[in-house]
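Listed here are the chains, written in short residue letters.
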Amino acid sequence: MIEWFRNFFSSRFWALCQKEINQITSNRQLLIILIFPPTIQLLVYGFALNPDVHNIRLGIVDYARTYESRELVTSLTSNRIFIAQEYLDREADLAAQVRDGKITIGLVIPPDFPRNLDQGKTTEIQAFIDGVDANTAGIASGYLGQMVSQFNRQLLGVSGKLLIDTQTVFLYNPGLRSSWFFVPGVLGVVLTLISSLVSSVTVVREKDTGTLEQLLMTPASSGEILLAKIVPLFVLLLGDAILALSIGRVVFGVPIRGSFGLFLILSGMYLFVGISIGIMLATLCRTQQQVVLTSFFINLPLIQLSGAIAPVESMPTFFRYVSVLNPLRHYIAITRGILLKGVGLEILWPHAIALAIFALVLLGISINRFQAQVR
Amino acid sequence: MQKVLALCRKELTQFQRDRLTLALAFLLPMMTLIILGSAIRLEAKGIPITIQDLDISPLSRSYIERIFATNQLVAVSKSTDDPEQAIAQGLAKAAIIIPPDFASVIQSGKSIPVQILVDATDTNNARIIQNIVRATTRSFLQDAGIQSITERIKARIRVWFNPGRREALYIVPGLYGLILWVYPSLLSAIAMVREKEQATILQIYASSLSATELLLGKGLAYLIIAISEAVFVMICGALIWGLGIAGDPTTLLIGTLCFIVDAVVFGLLIGVRTTNQNAAVQAVALIGFLTALLLSGFIYPLSNIPFPLSFVSNIIPARYYIEISRDAYVRGSGWLGIWQAMLMLIILGLGLFNAARLSLKKMQLPN
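Sequence lines, in order, name chains E and V.
Per the working numbering, the first sequence runs over residues 150 to 524.
Per the working numbering, the second sequence runs over residues 77 to 443.
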């Protein structure tokens with residue numbers, strides 16, 4: 150064992166590794182790239198993306214002005230989903246306010262509201278919802294319907310319970326904290342961006358400055374050179390994955406319900422995918438600028454079809470099938486599975502196998518291309 | 077003025093010669109439009125759910141039928157005995173568990189709890205599922221005559237501007253804001269920083285051209301390119317999703333013009349502040365793309381952004397443009413609703429131009 154270590158540390162491979170490590174640690178810019186963009190992206194995505202439906206601005210024209218009509222408004226605004234922004238006198242003003250986007254929902258309580266209630270007849274109240282934000286409008290109209298029917302039952306003195314009393318249990322994320330959805334997704338996005346960028350830059354720089362030829366003159370084989378580049382980067386990027394996860398844990402309180410070891414292993418596998426994409430880019434491009442532009446071209450569909458922001462299930466069928474060919478999609482399914490659902494390989498195996506295939510194929514292609522190019 | 081026009085012509089000639097950049101200038105925006113415009117959908121359709129019916133009575137069966145009649149929920153293909161397992165595997169997004177004494181308790185006029193397990197990893201769709209099930213249950217009770225509450229108050233809800241709640245109508249006009257921010261600024265940033273990288277800027281410093289003239293000339297050239305990008309992208313959007321302008325088209329015209337001026341000037345500023353093309357592209361991608369995507373209200377409402385970030389979002393031009401574009405394409409309220417946003421676009425544009433002019437002046441030797 151000791152013998153093996155001694156051999157290892159005096160090997161050519163270790164020398165190359167040391168060279169890479171020295172280069173990385175002396176490159177301040179690289180270290181900054183590894184730390185700041187992931188942190189900022191995680192924080193901004195986690196805080197800024199929030200599908201909560203609350204504080205929807207309600208404009209009210211109350212022609213009735215009775216106890217019951219005020220009661221209705223109070224019950225609508227009691228749980229922070231709607232807030233009474235403005236009381237107006239005329240329906241036309243209300244419509245104008247909705248048109249100008251000042252309020253999201255306009256509510257009209259008709260003058261015959263109290264009379265009809267007294268006579269036991271049905272009264273119609275009108276609500277118009279600004280449908281520009283289709284998603285919020287849908288959820289808001291659902292809530293509005295529920296609250297009005299709740300109020301109905303209160304009026305009738307029914308115990309308030311429906312005969313079928315649906316009790317919703319939100320699994321995995323009972324507080325419906327949206328950051329728990331976005332953080333595992335953005336973690337995958339960040340790792341993709343960083344790993345492909347860093348690996349392509351380290352290879353291209355060597356090509357740019359012409360030191361690659363010098364390396365190739367040495368007895369080291371091209372495979373050794375590449376491997377010595379990959380291994381230190383891999384360790385650093387794994388550190389990045391842990392950094393990102395800790396931010397998710399500490400800042401957003403994202404749980405780690407599954408096995409941390411499995412997370413590390415599969416993240417490592419995914420990093421190979423990212424690194425291979427980077428090396429492939431480097432073999433395709435001659436200058437750093439081309440690398441950056443082409444990576445823009447590749448990363449955009451990779452990220453958008455991964456389910457990091459908009460869930461895969463909501464995509465049109467065609468894109469849902471295309472996304473099966475996206476390694477990031479599988480990695481995000483894995484991180485959400487491990488962190489939120491707390492499941493293991495028994496459920497995640499299809500994604501893990503897909504990831505392994507992607508890692509092997511992409512790594513194979515990129516090493517091949519690299520060797521073909523330097524020969 | 078003549079100097080500005082001459083510089084502008086030179087820039088356009090240079091741009092035309094670079095075939096790769098020329099292709100990317102139109103290909104990238106179109107690709108972004110198609111992918112983001114079709115793939116970003118927030119509301120799931122055909123959500124797979126599983127129902128565990130422990131009662132197996134005519135009543136429970138008609139309840140189940142009713143739930144699937146909404147077309148928004150579909151039964152999972154593979155049925156499992158353990159609903160929680162089906163959700164963990166991702167086969168189902170929700171499970172409804174009907175208890176064994178379902179029919180008998182309801183027929184005796186008492187209320188029975190029915191448990192609904194919802195996969196809340198995707199919080200937005202979790203809410204949507206909850207709403208669908210609740211609304212369906214209510215109408216089931218009503219229609220089946222089990223618990224017909226005489227609705228004393230009926231809410232007549234109408235969704236204005238977008239009655240079918242087509243999500244493309246929300247996403248695509250917002251997407252214009254993202255695309256017309258990122259790509260024009262990317263091009264002008266590269267053009268500016270290239271002068272510095274190739275040291276041709278020294279020749280400009282030595283010439284009689286002032287900082288303002290340099291910025292105006294370059295800006296004008298890239299503004300012309302950006303205008304053609306904008307027209308191209310909007311025609312693509314109109315053809316693919318059939319988006320038509322809802323109201324006064326002048327707001328969109330002038331708003332778009334102001335916005336791409338802002339974008340081009342922002343690119344110039346980045347070009348002035350960075351030292352090489354790599355850094356410039358990174359800066360546009362990180363600052364420009366991230367802010368226009370996340371702090372502009374493109375995906376979720378602006379009011380949901382918490383304090384320190386909400387403050388930052390006030391100086392993001394994309395936020396104001398998205399307001400203008402959504403208004404023009406969907407709401408159509410015209411100048412009255414959006415003049416403030418327009419004003420902010422102009423103010424931010426002037427601010428950006430001044431920042432670029434000042435930092436360029438610092439590099440130039442005083443006359």
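No wet-lab data here; the hints were simulated from the structure.
For clarity, every value in this text was computed on a predicted model and none was experimentally measured.
Just so you know, not all the hints are guaranteed correct.
Quick look at which bits of chain V chain E covers, simulated, 3 or more residues with Cβ under 8 Å [said to hold, decoys possible]: (1) 117 to 123; (2) 207 to 215; (3) 357 to 365; (4) 402 to 411; (5) 417 to 430.
In the DMTMM-like style, the derived pairs of lysine to aspartate or glutamate whose C-alpha atoms are separated by at most 25 Å in a straight line are [claimed, not checked]: (6) V:Lys-437 to V:Glu-87; (7) E:Lys-356 to V:Asp-94; (8) V:Lys-230 to E:Asp-267.
Ranges between beta-carbon positions, derived for each pair [claimed, not checked]: (9) E:Leu-509 to V:Thr-146: 40 to 48 Å; (10) V:Asn-390 to E:Glu-362: 37 to 45 Å; (11) V:Gln-183 to E:Leu-304: 19 to 27 Å; (12) V:Ala-282 to E:Glu-362: 35 to 43 Å; (13) E:Arg-161 to V:Ser-284: 58 to 66 Å; (14) V:Glu-160 to E:Val-471: 26 to 34 Å.
Each residue gets a CB set at the ideal place from its N, CA and C atoms; glycine is no exception.
- Query: Are there hints from earlier that the structure breaks, and if so, what are their numbers?
  - Reply: 5 and 10
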